[in-house]
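All chains, please: the whole structure from these sequences, using the hints.
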Amino acid sequence: MAHVLAADPTFINESDLSFADISSERWREYRFAGGDAIRIEQPLKLHVSESRGHRIFDAEGRSHYIPWGWIHLSWEAKDGAPNFVR
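For the sequence shown, our numbering assigns the number 1031 to the initial residue and increments by one for each residue that follows.
Just so you know, not all the hints are guaranteed correct.
[Said to hold, decoys possible] Pairwise CB distance ranges (calculated):
1) F1114 / E1071: 15 to 25 Å
2) D1046 / H1094: 18 to 28 Å
3) G1110 / G1064: 30 to 40 Å
4) H1094 / F1114: 19 to 29 Å
5) G1064 / E1044: 31 to 41 Å
6) A1111 / P1039: 13 to 23 Å
Quick caveat, the hints were computed from the structure, so don't treat them as lab data. For every residue, glycine included, the Cβ atom is placed at its ideal position computed from N, Cα and C.
In structure tokens, the structure reads:
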């Protein structure tokens, strides 16, 4: 079975940050100590800052910043895609 990844919406990076391709993930979820969770569907790009915060660009063209402090990070790979890419 062929595996097709989502096409990138327009991604314009005018910062000096480099972003890794995480388009093999269906979603990723960050859980925090108080029980709060943030789930991002179809993440495409990831930058991890020196402060360990995550900048994520998703397939809807939205940008997210997740500050360091979560206690658990999970994700699900798309069918046939690698489970770990970064």
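Any hints this thing doesn't respect? Which numbers, in order?
The structure conflicts with no hint, since it agrees with every one listed earlier.
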